[in-house]
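Chemist: Residue numbers (the working numbering), protein chains in the order written: chain B, -14 to 286; chain A, 6 to 256.
Rather than coming from a laboratory, the hints here were simulated on the basis of the structure.
Predicted model, so just to flag it, every value in this text is computed and none were measured.
We treat Cβ as the ideally placed atom computed from N, Cα and C, and that holds for glycine.
Check each hint, because a few of them may be wrong.
Claimed, not checked - Straight-line alpha carbon distances no greater than 35 Å define the calculated DSBU-like cross-link-like pairs of lysine-lysine that follow:
1. A/Lys253 <-> B/Lys195
2. B/Lys65 <-> B/Lys127
3. B/Lys127 <-> B/Lys139
4. A/Lys253 <-> B/Lys43
5. B/Lys127 <-> A/Lys166
6. B/Lys220 <-> B/Lys271
7. A/Lys87 <-> B/Lys65
8. B/Lys65 <-> B/Lys195
9. A/Lys87 <-> B/Lys139
10. A/Lys166 <-> B/Lys43
11. B/Lys195 <-> B/Lys210
12. A/Lys49 <-> A/Lys166
13. B/Lys127 <-> A/Lys22
14. B/Lys65 <-> A/Lys49
15. B/Lys220 <-> B/Lys210
To be verified - One side of the interface only, derived from the structure: several residues of chain A facing chain B at Cβ under 8 Å:
16. Met6
17. Thr7
18. Ala11
19. Lys15
20. Lys87
21. Gly90
22. Thr98
23. Leu100
24. Gly101
25. Trp103
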Amino acid sequence: MAAISFQSVSKTFTNARGTFTALDQVSFDIQAGEFFGLLGPNGAGKTTLISILAGLLKSSSGAIRVHDLDVQTQSQQVRKLLGVVPQELVFDPFFSVREALKFQSGYFGVTGNDAWIDELLDNLGLADKANHNMRQLSGGMKRRVLVAQALVHKPPVIVLDEPTAGVDVELRQTLWQFIARLNREGHTVLLTTHYLEEAEALCSRIAMLKLGKVVALDNTSTLLKNASSNVLRFKLDAQLPPELAAQARVTGRIVQFPANDAAQIEHYLAAVRSAGLVAEDVEIRKADLEDVFLDVMGANA
Amino acid sequence: MTGWRALFYKEVLRFWKVSAQTIAAPVLTALLYMLIFGHLLEGKVTVYESVGYTSFLVPGLVMMSVLQNAFANSSSSMVQSKMMGNLVFILLTPLGHWSWFAAYVLAAVVRGFAVGLGVLLVTMWFAPLSAVAPLWIVVFALLGASMLGTLGLIAGLWADKFDQMSSFQNFLITPMTFLSGVFYSIHSLPPFWQQVSHFNPFFYMIDGFRYGFFGVSDVSPWISLALVGGANLIVVGIALHLLRTGYKIRG
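Model the full assembly from the supplied sequences, consistent with the hints where possible.
Modeler: Written out as structure tokens, the structure reads:
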């Protein structure tokens, strides 16, 4: 049985400017116990898909099932199975961290879970903030509380919508250690993120969305294998000639070319030299998920 | 506490934590009305033969405070949670529309009663006050508070912004409470305005509530009970429908 099954999910929004298709026949399954990554550029439909899963939005057509329960018709049972960390940094300014967590447990019908709440506070580095009002917390701390709120009822399926956007390195480390532990203990995890190295490190399987469509769906290792195997990377103080720049990925001074073999590497370096430019800090590295991502997104342009 | 009771407790704690603003301030406002109107009009306005003007004013001020604060509680909580985005914490839970309704409206009733009791405590010393039919007092306070709490919930769901909310309050709720006979008996109005007042459901709440204190009223308390009860059923039906369909809260 799939933990989450997306079945031809479509969503169109209608406003004064016309209709906009946010999701177009999205179908894939996430197995119980998986750590699954949902990637895509801004506006690809990731948050829309998660909102429909969480019951915050209704799909225009198609269905989503969680542990074989329908999110529309069996919404109350489904919501007990889900722990959703919303992308927006929201909080209730009237309450302390512990109050917020106790109320959230109560909504789910859970009481006497103080030990688990303390464990959440400890693992997310919130123990000394438990009695602080939400307003007194920094952005990163508020983000941790959002994660804790999603986990108070020990949901078997954890959904994280860009939980590390704008968050410091320390929280990312603590958060991923804790989420990885929950995953090892059997919780299914669905993650959307902009940090591709995070997805590469954590997710066993990945779906990529573009303009509301699934454009890639595979094991992370297979996706990496299928991409161009190497990347030639160097620094340059001047502009690349346009015909070369079209094949490269340029980030400030850093220039990167996809390269499968020695001949290609020689070809690019020779082209740079004959343009009268000097490449510095030349290195050849393994392709990573970011390369795969840009390949996939580019190929479907 | 679990389920709707957790949400109810959250809603009560929310106004309790800022009780200077949510309880003390409206009690002070009612006290000012009592000082000014009671002082100016005592002996000059005769509403009922058996009841002095200041005594007449006390139940009116109490009920007006109950109604306005019940409305303010559910409406401001809902519109604030929508604007701040923290309504998502409740939207993600298995709580159904009955739970939402019970929690928001009961918390509004508690706020209305807390303020109403405060107003009663500070104004009852100004004039002799009787309670000839306490059951009517409780019934009308309960029905009035729950109806305004429900209206507040509807307004909170409907409003997208604070200014829409305050239009609802300033152009509908406040005029209807002021024009319902808090400060006068509608029998002192010209015939046309007497007729108009009979279409104001707030008039029946205050009239029936006052009957509980003095045993006299503009219309029979049974008629008021029927009309206020009927109006309650209508707004409860609307509120439950909006919650069940996720009006403006689930896209």
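Chemist: Looking back at the hints listed earlier, which ones does the structure fail to meet?
Modeler: Structure breaks hints 12, 14, 20 and 25.
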